[in-house]
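Student: Take a look at the letters that make up each chain.
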Amino acid sequence: MYEHDVIVVGAGGAGLRAAIEAHEEGADVALVTKLHPVRSHTGAAEGGINAALHEKDSWDLHAYDTMKGSDYLGDAPAIDAFAKEARHEVIQLEHWGMPFSREEDGTVSQRPFGGLSHPRTTYAGAETGHHLLHTMYEQVVKRGIEVYDEWFVTRLAVTDESNPSDRTCHGCVAYEIATGELSGFYARDGVILATGGLGQAFDHTTNAIACTGDGQAMAYRAGAPMEDMEFVQFHPTTLPSTGVLISEGVRGEGGILYNDNEERLMYEYGYANNDGELASRDVVSRAELTEVNEGRGIEDEYVHLDMRHLGEERIIDRLENILHLAEDFEGVDGLDEPMPVKPGQHYQMGGTEVDEYGHSCVDGLYAVGECACYSLHGANRLGGNALPELLVFGARAGRHAAGAVEEEPEIPTGPGAKSDDWDEESPAELGAVDATDPIAADGGAVATPQEVLEQAVETERERVETLMERDGINHADVRAKVQKTMTENVNVFREESNLKQALKDIREAREEYQNVAVADPSRTYNTDLIHTIETRNVIDVAEAIALGALARKEFRGAHWRKQYQERRDDEYLKHTLYAWNGGNPELYYKPVILEGHEEKYEPKVRSY
Amino acid sequence: MSQSYDRGIVESFGRWREFSAGMWAWIFHKLTGWILVGYLFTHIAVLSTAIEPGTIAAAGDGEFYTSTLQGLEELLIVRFLEVGLLAVAVFHIMNGIRLLFVDLGIGLTSQDKSFYASLVLTGAITVASIPTFLAGVL
Amino acid sequence: MAEHYSSFNRGTWRWFLQRVTAVFLIGALAFHFVMLHFVNHAASITFAGTEARMGGILYFTLMMTFLVTAAFHGINGVYNALINMGLKGTQKKVVAAILVVAGIALIVQGTRVAIAMSPMF
Amino acid sequence: MSTKIEEKPETETEADEQTSPGEQRRELKRERAAEREQQIQEELSEAEETVGIKVFRFDPEVADKEEPRFDSFTVPFFRGMSVLDALVYARDTYDSSLTFRHSCRQAVCGSDALFINGRQRLACKTQVSDLEWPIRIEPLPHQDVVKDLVVDMEHFYEQMHAVEPFFDPDETPDGELEEQRQTPENREKVKLSTRCIWCGACMSSCNIAAGDNEYLGPAAINKAYRFAMDEREGEDRKQERLRIVEQEHGVWRCQTQFSCTEVCPKDIPLTEHIQELKREAVKSNLKFW
Ligand SMILES: Cc1cc2nc3c(=O)[nH]c(=O)nc-3n(C[C@H](O)[C@H](O)[C@H](O)COP(=O)(O)OP(=O)(O)OC[C@H]3O[C@@H](n4cnc5c(N)ncnc54)[C@H](O)[C@@H]3O)c2cc1C
Ligand code: HEM
Ligand code: SF4
Ligand code: F3S
Ligand code: FES
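Here the protein sequences come in this chain order: A, B, C and D.
Our numbering applies: residue 68 is where the first sequence begins, and numbers increase by one.
Our numbering applies: residue 5 is where the second sequence begins, and numbers increase by one.
Our numbering applies: residue 142 is where the third sequence begins, and numbers increase by one.
Our numbering applies: residue 140 is where the fourth sequence begins, and numbers increase by one.
The shape of chain A in the complex, shown without the other chains (with noise of 0.2 Å):
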């Protein structure tokens, strides 16, 4: 067993920052992360980090468009505290060594970004995240601070009262993948999840293969609702044979799309007669995916993007690297030929209810990063806005478990926040396939932090047994069902049927999931056996995404229903949440707060 104050699950940008925070309080921290710190997600993001640095930029204008950007899905406490905190993070990852791009007189530079209305996404180049993840391990490493690296994180120990807000968390376990050794980790101060997004329930993302929402099903399973679930970005330039993602930069400088009649289908159609190309994310991937369905899409699948116009000098200077993306990762090369395109899930907005200090209803629980909703971005994320939230709430946890946090949390969490019942029959089962199933607490009256440790290790051994030495499917086949079922019902376009239908099919793959077994004999390096754990939480979340989605009868942000064209404030202006509740999950409301100490917003409609 190991013993920490502070546990960080997950080593992305969010972990990092975390785990930095806890360690400058004090703290006695250490990072466990199923992939090295370096090779985290992160990595990826290109665009950019936006903080309100200039002198005619404020920090409420920041806030309010992020507000705006939410579809007024947002919470206040959140957003107020995100926007003024993200100027000092972004000042201090500078200070850390972050390789910004600069300006002539040497600071750093800021450009323009989709919805903000002031310059003020920071960058590196056209590799942002990964100057911010490498930067920060940097700092883990300046600090000395312990991490386990290529440490699966499987479940959490938490207490078992029967009310989730009532619940402790004490640590948890974690499988070494190199040896095949499970162990506790034992956290006097609490655990911090921060692992990452979820794309892998479906089949074309942006996201990499390891982003399987672990930390949301495992502290939904703890008890931790997960919110907002239904709110799923689809970013629309992805390659189609990877989903790699071509920056929204092609569009900023004069890209265009092409349909198969070689129509400039933005105009052609009338999908977005002002802005053409540069329209927000969600109506380029809808405008997108018409086309397809239409039958106007290349090889029905996908639409061409063309910056052959923009002249070869250009665009080697501006956006080499797409290029390089479009060569190495599809094979083509974007100074002669259009670039293939289609949408892509991208980004989860949802994710495990938590407070402004990113802490859940389970005390010592906390969750930040793309994992965590705070109720930042709402419906729908800005461009740039995800970067600066793994800094301001992992710094926010990482000060909060090092106990340095004296003010009491304005957002609700648990079953004590909830407003409204969902009050409709699910087409299919929900939750346990059956009440064995040894991730529901059993009930056992456990005295000591380091015997509810002890129980769940033991939980988990006989687990990753029972997988090991059974006969049975092999959990790819499963996954790949979960992921098809999403991309085809879940996707940009959401019909009652359709979702109905994912339900259905995502009840079948958790039947089937009981019959998933382990090939592969070996305790060194079993991957075949990470993969199995990751896609049962693959089902959790793709259910809850699938489930939020039919219940939230409206259009509002990333959420598109064929049946309910308008934002409906009067029903649905409420968070959707989803909780475990001991393998028979249920679905409720809880409300938004608009309210802030300095500002009050006020929903209005959001266009641009």
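Each hint should be verified, as a subset may be incorrect.
Using 30 Å as the maximum straight-line C-alpha spacing, the simulated DSSO-like pairs for lysine-lysine come out as follows [unchecked claim]:
no. : chain 1 : residue 1 : chain 2 : residue 2
1   : C       : K233      : B       : K34
2   : C       : K233      : D       : K422
3   : D       : K193      : A       : K548
4   : B       : K34       : D       : K422
5   : D       : K422      : C       : K229
6   : C       : K229      : B       : K34
7   : A       : K641      : A       : K629
8   : A       : K209      : D       : K328
9   : D       : K377      : A       : K209
No lab work stands behind these hints: they were computed from the structure.
Mind docking chains B, C and D with the ligands on chain A? Use the hints.
Tutor: For chains B, C and D with the ligands alone, coordinates are given in the frame of chain A:
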């Protein structure tokens, strides 16, 4: 960490499969360098055995030296070895110059081309010197 | 790892001197070849000829410097190559000692030969 | 090429028979296997082309993998297919125990540097169509193999950490929202060096690093360069950094083989950076001139 496996033979084979100019330049430079050191030692050895015992510091008429050297020079094999030595020395010089430029950070991007250039020059100089070197024995 | 943190870091010096000697050797070696194979044909070398050349103070010093630099350059090169192959600890010390001895022997014997050849002594 | 390794044809997809309670499960599995077999056949025949890959296999724990061997797999080819795609296909369809690291699929995480057709490359960044078929895939040379294509990266990380890879300015501005100034030229100078994704390809390609385990290696030296050349750090810190790289097993070990520069997937001019540090070191050591 569980046991690791050292691939031994696969490893060494794998290394050479892909041709890489810089690596071959390095290998040749090494080889020629070693040959030159070896030669330097033999050279001094030959020169000193060629000097009659006891004549050092009070040089005799040098008869023995002259005949040793000329005797060696009459052997075709020695002539060929000398051509080889020239080739080796010229390559080492040419590539040595290339390396000196590399050290100064000049022409790093065309390091492969300069390697080929040193090979070609070596070949040319060696071929051009063959008549002089073999003169008299053929 | 780094035991000697002085500005007289041995690595630096050896590296630097290897280059400096190389520059010198370009000229010296070329000159040597030209003199003994082209100007004076190797086959017609006689002791008298050698003695005549070695009698010149300039030529003599040049040859001596050639000897010393070549010895340094060659032996340092070999040493480098061996460290590159991962030689360390006692092995490394032994090799270094052997090379230094060999180098000194080479220079001493070379000098004796040179003196024998030169009518100056 | 005569390696000692035997070539084994297609591995069985079937796991070895074991007595387990779930007869039903086995039944399902058989059905699945049959279904999958058919599906594979369909996919293979539908695909216009198929490509063969030969993959290095080794597992110290599993009886028939203790001796390293190569397994061949046939995968359907599609336009834009990367070597990583081929590996994933082989793993998900034929043998789920096929082990390799991968994550981002877009050349930023540095997990999947492999020895592909005799050269260090990122599997995700290498197009199948650019290679000779069948494609031979091995773990990175000069690193211990943990299992199949996974090598032990510990030593590489140690070398990276040995150069004190973190920004360390003498002082930072007092103003809460004030950044340190850096000229665009200086940023340009360190730009390429900051692109390293810690994939280890360079280290694996360098013969010197293979022979001398203590050699810092190109990636670590490049990391040192990234900070030594950053004008935001003070002159004293730069001298300290130079002292780290000019130790016995630092820059002097580099014999300008250029292999590192050639294989670096991020096109970092590693040799150039190493050479520049050598010159800097000499300059600072010969200060009294
Ligand atoms: C292609 C792309 C481009 C983007 N561009 C931008 C941009 O320009 N601007 C912007 O603001 N945002 C951008 N984003 C969004 C942003 O990059 C991500 O939301 C953010 O990086 C997520 O960071 P994270 O720390 O939460 O997670 P990650 O960086 O994904 O880190 C997750 C960590 O958790 C670990 N982990 C996961 N599961 C487990 C487990 N079970 N056990 C142990 N460890 C685990 C992993 O090893 C990893 O270290 C982009 C995203 C993508 C995909
Ligand atoms: C004539 C001009 C010469 C030049 C320009 C030259 C240049 C060089 C250079 C630059 C190196 C260093 C390579 C490196 O460390 O990266 C080197 C190495 C070496 N040189 Fe020379 N050299 C010359 C002559 C000689 C002579 C006369 C000898 C023999 C005595 C010699 C023997 C060596 C040896 C043994 C090495 C080490 C090779 C290795 O790395 O294994 N060189 N040379
Ligand atoms: S320098 Fe290049 S090859 Fe080496 S680790 Fe970094 S990215 Fe990989
Ligand atoms: S391959 Fe090795 S020898 Fe130097 S130039 Fe690169 S580090
Ligand atoms: S998978 Fe990340 S670099 Fe290839």
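Student: The structure should be examined with respect to each hint, and the outcome stated for every one.
Tutor: Hints versus structure:
1. At roughly 19 Å between alpha-carbon atoms, C:K233 and B:K34 fall within 30 Å of each other, so this suggested pair holds.
2. Taking the CA atoms of C:K233 and D:K422, the gap is about 28 Å. The hint holds against a cut of 30 Å.
3. Taken as a hint, the D:K193 and A:K548 pair is honoured in the structure, with Cα atoms around 28 Å apart against an allowance of 30 Å.
4. Our distance criterion of 30 Å between C-alpha atoms is met by B:K34 and D:K422, whose separation comes to about 27 Å.
5. Distance restraint check for D:K422 and C:K229: the Cα-Cα separation of roughly 28 Å lies within the 30 Å cut-off, and the hinted pair is therefore satisfied.
6. Our distance criterion of 30 Å between C-alpha atoms is met by C:K229 and B:K34, whose separation comes to about 20 Å.
7. As the CA atoms of A:K641 and A:K629 are separated by approximately 20 Å, the hinted pair is consistent with the 30 Å bound.
8. Our distance criterion of 30 Å between C-alpha atoms is met by A:K209 and D:K328, whose separation comes to about 24 Å.
9. A hinted pair counts as satisfied when its Cα atoms are at most 30 Å apart, and D:K377 with A:K209 qualifies at roughly 17 Å.
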